[in-house]
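Based on the provided sequences and hints, a complete structural model is requested.
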Amino acid sequence: MVDQLPNYGRESEMLSALGMNSIDELFTDIPAAVRYDGRLPLPEPQSEEEVLRDARRLLGANVALSQRVSFLGAGLYRNHVPALVLQLIRRGEFLTAYTPYQPEVSQGMLQAMWEFQTLICELTGLSVANVSVYDGSTAAAEAINAAHRIHNRKAEQKDIIYVSELTPPSRMSVIRNYSQGGGIEIRTLPHNSDGTLDLAAAEQAAGACGVYVEQPNPLGLLDGGLVQLKEIIGENTALIVGVQPTSLGIVECPGEYGADIVVGEGQPFGSPITCGGPIYGIFACRDAYLRQMPGRIVGRSIDVHGEVAYCLTLSTREQHIRRHRATSNICTNETLIALMGAMHMSLLGPEGLHTLAMRNMAACQLAKAKLGTIETLALPHLSGHHYNEFVIELPGPAAECLDYLDSQGIIGGFDLSSWYPQRKNWLLVSVTDQNSKAEINLLAAHLAAWSSAIIKGAGV
Amino acid sequence: MSNLFDSHGAPGSGWSQPAPIMDATQVSLPAELVRKKPARWPRLSESEVVRHYTWLSTRNFGIDTGFYPLGSCTMKHNPRVNETIADLPGIADLHPLQPERHQQGLMAIFHEMQNMLAICSGMDEVTLQPVAGAQGEFTAIRCIQEYHRSLGQDGRDKVIVPDSAHGTNPASAALAGLAVIEIPSTTDGRLDLDALRSVVGEDTAAMMITNPNTLGIFEAEISQAAEIVHSAGGQMYYDGANFNAILGKTTPGLMGFDAVHYNLHKTFSQPHGGGGPGSGPIGVKSHLAEFLPSPLVKRRPILSTDTGAIDEQWWYTWYEPSKSIGKVQQWHGNAGAVVRSWAFFRRYGHTLEQMTEHAVLNANYLRHRIHQCAEEQGVEGEFKDGSPTGIVKHEFTLSMLPLKESKGASAMDVAKGLLDHGFMAPTVYFPLIVPECMMVEPTETETKETLDDFAEAFVKVLQVDAETLHAAPTSTPVGRVDEVYAARNLCLRHPIDD
Numbered sequence: 041m042v043d044q045l046p047n048y049g050r051e052s053e054m055l056s057a058l059g060m061n062s063i064d065e066l067f068t069d070i071p072a073a074v075r076y077d078g079r080l081p082l083p084e085p086q087s088e089e090e091v092l093r094d095a096r097r098l099l100g101a102n103v104a105l106s107q108r109v110s111f112l113g114a115g116l117y118r119n120h121v122p123a124l125v126l127q128l129i130r131r132g133e134f135l136t137a138y139t140p141y142q143p144e145v146s147q148g149m150l151q152a153m154w155e156f157q158t159l160i161c162e163l164t165g166l167s168v169a170n171v172s173v174y175d176g177s178t179a180a181a182e183a184i185n186a187a188h189r190i191h192n193r194k195a196e197q198k199d200i201i202y203v204s205e206l207t208p209p210s211r212m213s214v215i216r217n218y219s220q221g222g223g224i225e226i227r228t229l230p231h232n233s234d235g236t237l238d239l240a241a242a243e244q245a246a247g248a249c250g251v252y253v254e255q256p257n258p259l260g261l262l263d264g265g266l267v268q269l270k271e272i273i274g275e276n277t278a279l280i281v282g283v284q285p286t287s288l289g290i291v292e293c294p295g296e297y298g299a300d301i302v303v304g305e306g307q308p309f310g311s312p313i314t315c316g317g318p319i320y321g322i323f324a325c326r327d328a329y330l331r332q333m334p335g336r337i338v339g340r341s342i343d344v345h346g347e348v349a350y351c352l353t354l355s356t357r358e359q360h361i362r363r364h365r366a367t368s369n370i371c372t373n374e375t376l377i378a379l380m381g382a383m384h385m386s387l388l389g390p391e392g393l394h395t396l397a398m399r400n401m402a403a404c405q406l407a408k409a410k411l412g413t414i415e416t417l418a419l420p421h422l423s424g425h426h427y428n429e430f431v432i433e434l435p436g437p438a439a440e441c442l443d444y445l446d447s448q449g450i451i452g453g454f455d456l457s458s459w460y461p462q463r464k465n466w467l468l469v470s471v472t473d474q475n476s477k478a479e480i481n482l483l484a485a486h487l488a489a490w491s492s493a494i495i496k497g498a499g500v
Numbered sequence: 041m042s043n044l045f046d047s048h049g050a051p052g053s054g055w056s057q058p059a060p061i062m063d064a065t066q067v068s069l070p071a072e073l074v075r076k077k078p079a080r081w082p083r084l085s086e087s088e089v090v091r092h093y094t095w096l097s098t099r100n101f102g103i104d105t106g107f108y109p110l111g112s113c114t115m116k117h118n119p120r121v122n123e124t125i126a127d128l129p130g131i132a133d134l135h136p137l138q139p140e141r142h143q144q145g146l147m148a149i150f151h152e153m154q155n156m157l158a159i160c161s162g163m164d165e166v167t168l169q170p171v172a173g174a175q176g177e178f179t180a181i182r183c184i185q186e187y188h189r190s191l192g193q194d195g196r197d198k199v200i201v202p203d204s205a206h207g208t209n210p211a212s213a214a215l216a217g218l219a220v221i222e223i224p225s226t227t228d229g230r231l232d233l234d235a236l237r238s239v240v241g242e243d244t245a246a247m248m249i250t251n252p253n254t255l256g257i258f259e260a261e262i263s264q265a266a267e268i269v270h271s272a273g274g275q276m277y278y279d280g281a282n283f284n285a286i287l288g289k290t291t292p293g294l295m296g297f298d299a300v301h302y303n304l305h306k307t308f309s310q311p312h313g314g315g316g317p318g319s320g321p322i323g324v325k326s327h328l329a330e331f332l333p334s335p336l337v338k339r340r341p342i343l344s345t346d347t348g349a350i351d352e353q354w355w356y357t358w359y360e361p362s363k364s365i366g367k368v369q370q371w372h373g374n375a376g377a378v379v380r381s382w383a384f385f386r387r388y389g390h391t392l393e394q395m396t397e398h399a400v401l402n403a404n405y406l407r408h409r410i411h412q413c414a415e416e417q418g419v420e421g422e423f424k425d426g427s428p429t430g431i432v433k434h435e436f437t438l439s440m441l442p443l444k445e446s447k448g449a450s451a452m453d454v455a456k457g458l459l460d461h462g463f464m465a466p467t468v469y470f471p472l473i474v475p476e477c478m479m480v481e482p483t484e485t486e487t488k489e490t491l492d493d494f495a496e497a498f499v500k501v502l503q504v505d506a507e508t509l510h511a512a513p514t515s516t517p518v519g520r521v522d523e524v525y526a527a528r529n530l531c532l533r534h535p536i537d538d
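So the protein sequences, as listed, match chains A and B. Numbering follows the working numbering, with no gaps: position 382 of the first sequence is 422. Numbering follows the working numbering, with no gaps: position 72 of the second sequence is 112.
Derived from the structure by calculation, the hints contain no laboratory data. What you are looking at is a predicted structure, and each value in this text was computed from that prediction instead of being measured. Just so it is clear, CB atoms sit at the ideal spot from N, CA and C, and this is done for glycine as well. Everything hinted at is true.
Facing chain A, from chain B, some residues (calculated, C-beta under 8 Å):
#1 Ile131
#2 Gln143
#3 Ile159
#4 Gly313
#5 Gly366
No farther apart than 30 Å at their CA atoms in a straight line, the calculated lysine-lysine pairs in the DSS-like style are these:
#6 A:Lys270 / A:Lys198
#7 A:Lys496 / A:Lys477
#8 A:Lys464 / A:Lys496
#9 B:Lys363 / A:Lys198
#10 B:Lys500 / B:Lys488
#11 A:Lys410 / A:Lys496
#12 B:Lys447 / B:Lys500
#13 B:Lys325 / B:Lys338
#14 A:Lys464 / B:Lys363
#15 B:Lys325 / B:Lys198
#16 B:Lys447 / B:Lys424
#17 A:Lys270 / B:Lys76
#18 B:Lys444 / B:Lys500
#19 A:Lys198 / B:Lys198
#20 A:Lys270 / B:Lys77
#21 A:Lys464 / B:Lys338
#22 B:Lys198 / A:Lys194
#23 A:Lys270 / A:Lys194
#24 A:Lys477 / A:Lys464
#25 B:Lys424 / B:Lys500
#26 B:Lys444 / B:Lys424
Which chain B residues stay away from chain A? Per the calculated CB distances, all over 10 Å, these:
#27 Lys325
#28 Lys338
#29 Tyr359
#30 Glu415
#31 Pro428
#32 Glu445
#33 Glu496
#34 Ala497
See below:
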């Protein structure tokens, strides 16, 4: 489009400097046999206002979570992104920069990412963090590969990684794609009927390369047993814990109970859900894992005058130096979204973090108590402690219940049969700091109405 | 000097939030799970946070600040309406697990992008799932790997890359578990067909190559290369990092490729964000299509029972092919980047070819002007072309080896000198096959005057004595940063007193 091409109309002036008469002469190096000669069968060019009008029409036809009462989470959570985050992130100096290969003119992003690393280390209780990977699933997958590289030589169970059986299939699929090349065999760890990890069964993971579990787990359960897990699996088996990072405002950080690597979906800090991307994956680990870490790491250094200056460091792990021996193929990451996270964390401070976690936990526990009073519903993990979400068992298929709730203007949660096919009647209800008491009461009323109608209809 | 951790807020000060909706004393958590030591985050007021990050931004160089000729990275202007569009609640506030009837508008955009990318690349099917170029490479190699396995050819475990390839190519192949064979380029930096013939065989899974190559030269013998690889039973993979050099002029499909990735953050202007996010969709020919990861969007004529359709014609559905490799990111990929790139593409429509023409025109003009200015100042001997060639595509390489030999100043010294002229430096020391390499990519969004200024600045830098150049830059927020010190004295987080 003309307005994107500053030299439009000046082509001949520039071509004549090159001794050429037409643009076509710049493409004579492309053999005729492979030339594309037709006009691209694409629409007419549009002005900014026409594009915006179409975007508003198309995206306006979507149902945004904010237009409804929503209890949908399952890995991505509604949050409040402070206004300054959305405004400062559009500073062109951040938005339109790239990887800080020239540190002298990239100190802003380098320092911001070094501070991000510090914020994540403090949050997780570990000593090093990188500047982000793509999302929580690739963070988990990269962690498993790192654990394999570190421990396989001495492992009693060579090439074996144990993963919680509750891990959502979409996340498991990413893990399988990333780990198959290394010859890693994924085995699953069972859970008890109350949703907690079966610690007796977890003993079989001792001597493997690593174990991947989540806290809270994919059903929203905070599992006290996980604090014993490192002792069970032993020093030579990596403990990898996936977290919902805001929970660490009140929940013990995995670094304190022996985690070697902590990963997670950073999104609740600073990022809108954005249909699942771009978001950012958190990756933190102990010092011993540092040189097997994927992705960019910023170090504090000095400049020629001895003043504090920042730069990328330990690049010899990375693809542009190490090529096929790199720790990962990652190059472009999610820096800008991690910066949004850093801004949000900076605003919160320690007390704000605690309050945010408490708001999420309180909303979840209030909803659980409220839905627990409905006689036609069951709570399979009633005795547990939940963060953000919990399971309710309905008297009929969750898919039908969600359709009904949708017709009432409520996005009721996630149908767990898409993860666990045998659980047709399980609904994962997610409640965050953004849900009000009135919304929870509305959900309860509609769930009660639907459930009793189903039971009556079924002749119970 | 502003430091985030140098904060003086009193305990209890800080960001206001609504109270929890249940009395906090009623919230229960088993003792072993209660956090004992709070995260030692700083306590800052909103004004301090705004000022800190604004100050940081002033110490950062972006395209908005000035010319950013970082070769291979395609640092073009990012139209601002794309950001406005990405903020609309219909994308920012959308959850990938919502029902299809809530996402019809986004799915229509996905469908249009799949189609557009397929048309521009001569591929049959496109998935928007991969979130970066390297992930696109990995995804396509996984599809190729499963394709060979489906034919019972598990022994195809070698990937061939030229020694001029991007580092992500061999790294992505290795991540998939394939061995990498690097073949040398000819002395002028082109693909060596004899070298290729000598390594293909029954164990060839694929060849990964970009065209134009990383020296900015179009590989005229690409069809022959494809024939060599195909006749050995291998697949041809097109690294789309340089797609902006050929879009509308040829397609990877015409050149004989079976799979391709696109960098939406390069060719299609998703902002680079200081290191990301990006987006790396892939396109494949039909024989690989059934291995693609979801989500793919299909459409069918609308039925009377459909509610939530965006028009009276089409209903969009998510689709996972029967032999899909599965997922490489948990959700729909970087949907926000796809939407921005859709907005970029819509500005051009069928005139996308003009973008390519201007990118190539600017590259050739800048290369010419650099040589011309150097001759005028008598310093044309201080550098040479990375490869002798008449025309280049969207980027070109220069070797600073003569300068190094004549006065001991390196490509890095020249790069630092350019920073003092207010320009971002070109990519240095890549591709590896050009000694003392500088790789320059101006993009289509720079004015002729900017290119003239850069050429003059470049030549001025060449005239500076080596000692001064070693001390550059001097006008930047910090002086030359000691990267060796950083690696030897690792300090990866702020030291907070216990």
